[in-house]
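2 protein chains.
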Amino acid sequence: MGGDYAPRAVVLGTELASKTSSSELILVGPQDVLESELAALAQRPSNVTIKNASGIPPAHESPVLALRKRKDASILVATRLIKEGTADAVVSAGSTGIGMVAARTILRLLPGVARPAIAALLPNPTGMCLVIDVGANVDCRPQHLYEFAVMGNIFARQVLNIPSPRVGLVNIGEEEGKGNQFSRAAFEVLAETNKAAFDFVGNIEGRDIYEGTVDVVVCDGFVGNVILKTSEALATAVFALLRRELTADPVSKLGAALSKKAFKRVLKRVDYEEYGGVPILGVDGVFIVCHGSSGPKAIANAVFEAERCVSHEVNRRIVAALADRGTASVLAPVAADA
Amino acid sequence: MGGDYAPRAVVLGTELASKTSSSELILVGPQDVLESELAALAQRPSNVTIKNASGIPPAHESPVLALRKRKDASILVATRLIKEGTADAVVSAGSTGIGMVAARTILRLLPGVARPAIAALLPNPTGMCLVIDVGANVDCRPQHLYEFAVMGNIFARQVLNIPSPRVGLVNIGEEEGKGNQFSRAAFEVLAETNKAAFDFVGNIEGRDIYEGTVDVVVCDGFVGNVILKTSEALATAVFALLRRELTADPVSKLGAALSKKAFKRVLKRVDYEEYGGVPILGVDGVFIVCHGSSGPKAIANAVFEAERCVSHEVNRRIVAALADRGTASVLAPVAADA
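Residue numbers (my numbering), protein chains in the order written: chain Z, 5 to 342; chain A, 5 to 342.
It is possible that part of the hints are untrue.
Derived DMTMM-like pairs (lysine to aspartate or glutamate); straight-line CA-CA distance at most 25 Å [what the hints assert, rightly or not]:
| hint | chain 1 | residue 1 | chain 2 | residue 2 |
| --- | --- | --- | --- | --- |
| 1 | Z | Lys-257 | A | Asp-275 |
| 2 | A | Lys-268 | Z | Glu-215 |
| 3 | A | Lys-268 | Z | Asp-253 |
| 4 | A | Lys-264 | Z | Asp-253 |
| 5 | A | Lys-272 | Z | Glu-215 |
| 6 | Z | Lys-182 | A | Glu-236 |
| 7 | A | Lys-182 | Z | Glu-215 |
| 8 | Z | Lys-268 | A | Glu-215 |
| 9 | Z | Lys-265 | Z | Glu-278 |
Pulled a few chain Z residues facing chain A out of the computed Cβ check, cut under 10 Å [as the list claims (entries may be wrong)]:
| hint | residue |
| --- | --- |
| 10 | Thr-109 |
| 11 | Pro-129 |
| 12 | Gly-131 |
| 13 | Met-132 |
| 14 | Lys-182 |
| 15 | Asp-224 |
| 16 | Val-227 |
| 17 | Leu-258 |
| 18 | Ala-260 |
| 19 | Ala-261 |
Please keep in mind that the hints were generated in silico from the structure rather than gathered at the bench. Glycine residues also receive a C-beta, built at the ideal position from the N, C-alpha and C atoms.
From just these sequences and the hints, can you work out the full model?
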């Protein structure tokens with residue numbers, strides 16, 4: 005029931021996914037609303053069922069308060085399906101903040117994880133660069149970035165099909181010793197990691213993200229959120245500027261019309277709908293959050309992404325990788341509902 | 005002598021500036037090299053002179069070490085011209101790090117300034133957004149952002165001709181109380197500022213920078229550098245992708261040729277050559293650092309920018325504004341050559 009075009013876009017995305025998916029897909033929300041949405045489809049998919057729940061909480065409250073008031077909110081009911089063992093994964097186009105609260109409160113953390121993290125995908129010339137964390141942890145200790153690297157590395161291998169992800173640390177210069185106190189300390193932690201855990205390639209800058217010289221980028225959630233928001237805003241501004249100038253005179257307008265296919269190819273490369281959603285990693289269950297304005301294609305891709313997380317055992321691998329290092333013992337525990 | 009195309013581009017830029025400038029322009033570098041560059045011009049400008057100095061230090065050393073070895077490096081000689089009262093401003097296309105060391109070591113800090121800062125200009129639909137700091141101070145205290153706001157506000161008013169700059173704090177949400185420990189503390193400091201000092205509009209995000217809803221953006225130098233580098237890298241990547249796709253098939257290629265003027269207008273908006281260079285603010289002298297790949301136009305625009313800093317008394321205004329608040333007394337002194 006979350007997202008700008010819910011429940012219609014979510015139901016249509018589920019229908020789209022159901023055509024090639026062998027999973028059982030459970031729509032979670034008000035029974036009557038979802039029944040009539042399903043009835044409106046050309047054919048009701050046989051592998052889609054409904055689990056009754058109330059709509060999303062009002063958006064003007066803090067996530068914690070909103071969820072406290074509405075115990076049967078669709079996101080809580082859906083997340084409980086994982087906890088009960090009825091479902092393997094949740095896909096939501098609701099707010100990331102609410103998703104994070106639901107995931108942490110109900111699913112709790114994976115053994116060895118001190119901080120769950122949100123991983124975003126940014127396009128590069130040959131594929132995607134995973135940036136982790138992009139907002140769940142605004143104040144981090146250097147050791148948390150080790151966890152992010154382990155989790156991001158496993159997600160990149162298992163879900164993005166990158167055989168040997170190159171893991172970099174966001175910094176303001178590539179040489180060792182560059183950066184602020186935090187990034188220098190994080191570099192030390194990452195550099196002493198066994199190459200078997202992940203391939204740490206050192207400090208990286210913005211151009212590494214967009215030139216494709218790195219596959220996984222770790223940073224605290226404040227910096228990651230700034231990277232994500234700045235990138236979204238600049239891309240939007242550049243395309244708006246192009247649109248304005250390409251329609252400002254008749255010749256350019258004609259030229260733009262002829263180049264339409266090229267522009268479509270460009271937009272496809274930068275379109276978040278192509279890859280689905282961002283995972284919340286570190287919680288005991290698969291949880292994918294889609295962009296609020298997701299259409300059916302993004303929802304379907306997020307379902308496939310969730311399926312890959314489950315079938316490739318991303319969470320089991322994360323627990324095993326962290327246990328190898330014994331991270332759990334060196335990091336103070338964090339209350340699951342903090 | 006600094007920059008990818010020095011000394012040729014610097015000499016040509018100086019020639020360009022000399023045509024409309026009433027300033028005396030002093031080229032600083034090896035006398036013989038600069039003489040032959042000037043001799044190669046169609047007409048030797050009457051308001052351009054030469055001050056002998058050696059070339060730039062090798063780039064593979066740290067700025068401090070490099071400058072220690074080469075006491076007559078052009079950047080040091082040029083900066084000493086300010087200290088001696090022979091010059092009012094320095095324009096350099098050399099490394100920002102070396103410029104910062106020269107400025108701090110020779111010029112020292114303005115009274116009331118604890119931390120000098122580098123301010124970058126990012127384009128928005130109607131003009132420019134000033135981001136300060138973008139790398140001089142990677143570890144800040146919240147009070148330093150107050151200084152950055154004062155300095156950025158004065159530069160925006162006096163040099164960018166923005167009558168009432170709106171000053172925002174980089175954060176990961178617009179509501180008060182958002183962010184990490186540092187940004188929440190910085191918000192407190194900025195919010196309690198008298199509106200006469202500057203117009204603090206609160207927390208901002210990436211889209212505010214690129215939509216033009218804010219004129220001056222303050223952040224620590226780590227975050228500012230990440231914003232700058234991410235933006236440069238993404239813009240480069242988007243234009244590279246456009247170029248690739250627009251030449252991938254003959255029809256798109258024809259369309260792109262017809263839209264050439266529109267693309268030129270877009271590039272002009274995002275071209276750093278249009279505005280010159282970035283100021284180092286907080287040191288006792290005007291110091292503008294140009295992009296390393298600056299051509300003559302960027303150099304000339306930086307000269308005009310430096311002239312505006314001098315004629316509009318940017319530094320005198322900064323000292324007066326900081327004295328009003330008495331910032332000097334609440335901030336611990338920082339060694340000028342630290």
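Output the numbers, in ascending order, of every earlier hint that fails for this structure.
7, 10, 12 and 13
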